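J.: Assemble the whole structure, with the sequences as input and the hints as a guide.
Okay, here's what each chain looks like letter by letter:
There are 2 protein chains.
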Amino acid sequence: MAKIAIIGAGLIGRAWSIVFARGGHDVWLWDPQASAVPASRDFIAARLPELAEAGLLRGESESAILGRLHGAATLEQALDGAVHAQENGPEDVGRKRELFARMDAVAAAHTVLASSTSTIRASLFSEGLPGAGRCLVAHPVNPPYLIPIVELGPAPWTDPAVVQRTRVLMEDAGMVPATVKKEIDGFLLNRLQAALLTEAMYLVEEGYADPADIDATVREGLGLRWSFMGPFETIDLNAPAGLADYCARYGGPFREMMAASKTPSWSPDLIGRLHDAQRDRLPMDRQGKRQAWRDRRLMALLAHKAGQPS
Amino acid sequence: MAKIAIIGAGLIGRAWSIVFARGGHDVWLWDPQASAVPASRDFIAARLPELAEAGLLRGESESAILGRLHGAATLEQALDGAVHAQENGPEDVGRKRELFARMDAVAAAHTVLASSTSTIRASLFSEGLPGAGRCLVAHPVNPPYLIPIVELGPAPWTDPAVVQRTRVLMEDAGMVPATVKKEIDGFLLNRLQAALLTEAMYLVEEGYADPADIDATVREGLGLRWSFMGPFETIDLNAPAGLADYCARYGGPFREMMAASKTPSWSPDLIGRLHDAQRDRLPMDRQGKRQAWRDRRLMALLAHKAGQPS
Numbered sequence: 290m291a292k293i294a295i296i297g298a299g300l301i302g303r304a305w306s307i308v309f310a311r312g313g314h315d316v317w318l319w320d321p322q323a324s325a326v327p328a329s330r331d332f333i334a335a336r337l338p339e340l341a342e343a344g345l346l347r348g349e350s351e352s353a354i355l356g357r358l359h360g361a362a363t364l365e366q367a368l369d370g371a372v373h374a375q376e377n378g379p380e381d382v383g384r385k386r387e388l389f390a391r392m393d394a395v396a397a398a399h400t401v402l403a404s405s406t407s408t409i410r411a412s413l414f415s416e417g418l419p420g421a422g423r424c425l426v427a428h429p430v431n432p433p434y435l436i437p438i439v440e441l442g443p444a445p446w447t448d449p450a451v452v453q454r455t456r457v458l459m460e461d462a463g464m465v466p467a468t469v470k471k472e473i474d475g476f477l478l479n480r481l482q483a484a485l486l487t488e489a490m491y492l493v494e495e496g497y498a499d500p501a502d503i504d505a506t507v508r509e510g511l512g513l514r515w516s517f518m519g520p521f522e523t524i525d526l527n528a529p530a531g532l533a534d535y536c537a538r539y540g541g542p543f544r545e546m547m548a549a550s551k552t553p554s555w556s557p558d559l560i561g562r563l564h565d566a567q568r569d570r571l572p573m574d575r576q577g578k579r580q581a582w583r584d585r586r587l588m589a590l591l592a593h594k595a596g597q598p599s
Numbered sequence: 290m291a292k293i294a295i296i297g298a299g300l301i302g303r304a305w306s307i308v309f310a311r312g313g314h315d316v317w318l319w320d321p322q323a324s325a326v327p328a329s330r331d332f333i334a335a336r337l338p339e340l341a342e343a344g345l346l347r348g349e350s351e352s353a354i355l356g357r358l359h360g361a362a363t364l365e366q367a368l369d370g371a372v373h374a375q376e377n378g379p380e381d382v383g384r385k386r387e388l389f390a391r392m393d394a395v396a397a398a399h400t401v402l403a404s405s406t407s408t409i410r411a412s413l414f415s416e417g418l419p420g421a422g423r424c425l426v427a428h429p430v431n432p433p434y435l436i437p438i439v440e441l442g443p444a445p446w447t448d449p450a451v452v453q454r455t456r457v458l459m460e461d462a463g464m465v466p467a468t469v470k471k472e473i474d475g476f477l478l479n480r481l482q483a484a485l486l487t488e489a490m491y492l493v494e495e496g497y498a499d500p501a502d503i504d505a506t507v508r509e510g511l512g513l514r515w516s517f518m519g520p521f522e523t524i525d526l527n528a529p530a531g532l533a534d535y536c537a538r539y540g541g542p543f544r545e546m547m548a549a550s551k552t553p554s555w556s557p558d559l560i561g562r563l564h565d566a567q568r569d570r571l572p573m574d575r576q577g578k579r580q581a582w583r584d585r586r587l588m589a590l591l592a593h594k595a596g597q598p599s
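Top line first, the protein sequences correspond to chains A and V. Using the numbering used here, the first residue of the first sequence is number 290, and each one after it goes up by one. Using the numbering used here, the first residue of the second sequence is number 290, and each one after it goes up by one.
Hints listed in this document are in silico derivations from the structure and should not be mistaken for laboratory results. This structure is a prediction, so every number in the text was calculated from the model and none was measured. Idealized CB from N, CA, C, for every residue including glycine. Where hints are given, some of them may not hold.
Straight line, CA to CA, 25 angstroms or less: simulated BS3-like cross-link-like pairs of lysine-lysine [stated by the list, open to error]:
| hint | chain 1 | residue 1 | chain 2 | residue 2 |
| --- | --- | --- | --- | --- |
| 1 | A | K471 | V | K551 |
| 2 | V | K385 | V | K470 |
| 3 | V | K551 | A | K551 |
| 4 | V | K551 | V | K470 |
| 5 | A | K551 | V | K471 |
Chain A side only, calculated, beta carbon under 8 angstroms to chain V, not exhaustive [to be verified]:
| hint | residue |
| --- | --- |
| 6 | R384 |
| 7 | L477 |
| 8 | S516 |
| 9 | G561 |
| 10 | W582 |
T.: What follows is the structure in structure tokens.
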């Protein structure tokens, strides 16, 4: 049990608060807009019943978890004694630099300063700070209380011990960290997603498939194994002598396929067709309902996975 | 209930037999090697108890399903009166051409002739046949009784009514068809897999991530949603105004990421590193046990999905 500071109490900050409070930590939320803190508490209280029902609160009561949430009146109060600060400000380099400079000036030397950014490299907001070595990216997928992966992205000057401490902290809170060993745009998850989406868009644009059939190919095919095995383990089990054997058999054809693929245009026409295909399935005014369905499906999937042998 | 001919009783032919017998059809297996047919029956009988336990036999008894399996002494007997023939011969164009010519000569005009090939376009084995219009690819993922997707790949001359009939047949048997509207190497599934694997290999080769962390990024991140939503539906729910909004926000960064990515070398050194990383997790002599685990996980996942609202 340690003190965690959540800096910025928007959607991501609220979600992180659930993760760390569920993990047994004392969570102190701060937001420049003071009203965001009580609003966060209400949001979190509304999420806990369904998490409890899905068995995702580690057997604790909702009130025990809510009891570990605290509002901080100032940034200083949030950071005072915290082992880890999770920043969730706007995706703007200038504002992140400013916020990290402030946090670095205030926080004790042992406090790790992590950003939830999905697009900004750690070096861009930490360069030149006295405590640059304790700054890194810790990028979640929304919402992190339902999706375990968190990408840890150090700057070149981040202390490796800080990365290691953050891995342990995240694992203890039920997250699964993946380290981005050198800085790269998009980190790992969005690059893998972009690669698959790019090929999917190419296949639609060139008339090889309808969007609904692409979705089916993932949902009823690739995505099943990928929900409990990664892509490397998947191919390792798909050839008698393992991954090297798989690559010997299919590496050549896979290279040829990718060499023959083209970058899709991302044109308004293509995007419009893809968007319209989604609207045929789901009117825009039902998006909120569908997002709630997605989150219930994620909860049920996590509960299912927790009961399976790994 | 109709008659289905399974031509070639290796691993894929056996798996298809389960799909169609479970779907209520009379299945007639033929293999040039006569001993393969009783061996298939034993294999299938051994699979049914765990499928029954996972609730994946549509409430029928194992014996009811076994009762619909028949061994055919000749290709002619297998095809006689069949509405659909599913070919599972060797992945060799010459041998497929030969087999399709034989099937086309024997089968009644209304019999659809489908190949399970994962690598050979329908035009390559059906060109010039009198019944070329009833030939197509119906590519499953192994094993099809656990993975619903089936890719339907017509040749340019395949009768659209044949594709439509095959879609309906597959859907009735619990499969989810995706149509490859124009011929392309790798069809849809392997192209999407190749795109993601290529980026994954690039990230490892250039030192951005360890293979285990790539696997975690998919298994604990991307793969969760993709197991019940496709990639297009996923992004459609990840921006307030849907897919077009998502592309307006992230399309630019995604294009830049992919433009900056490089094709991995697929070198022996890279493959060796990836293979060794898998061996650290799993000694080669435990692969069979792990494959059995994977299949149990797939069964449990299907049972889980069947109980969820779509």
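J.: Hint by hint, work out which the structure violates, then give me just those numbers in ascending order.
T.: Violated hints: 4, 6; rest satisfied.
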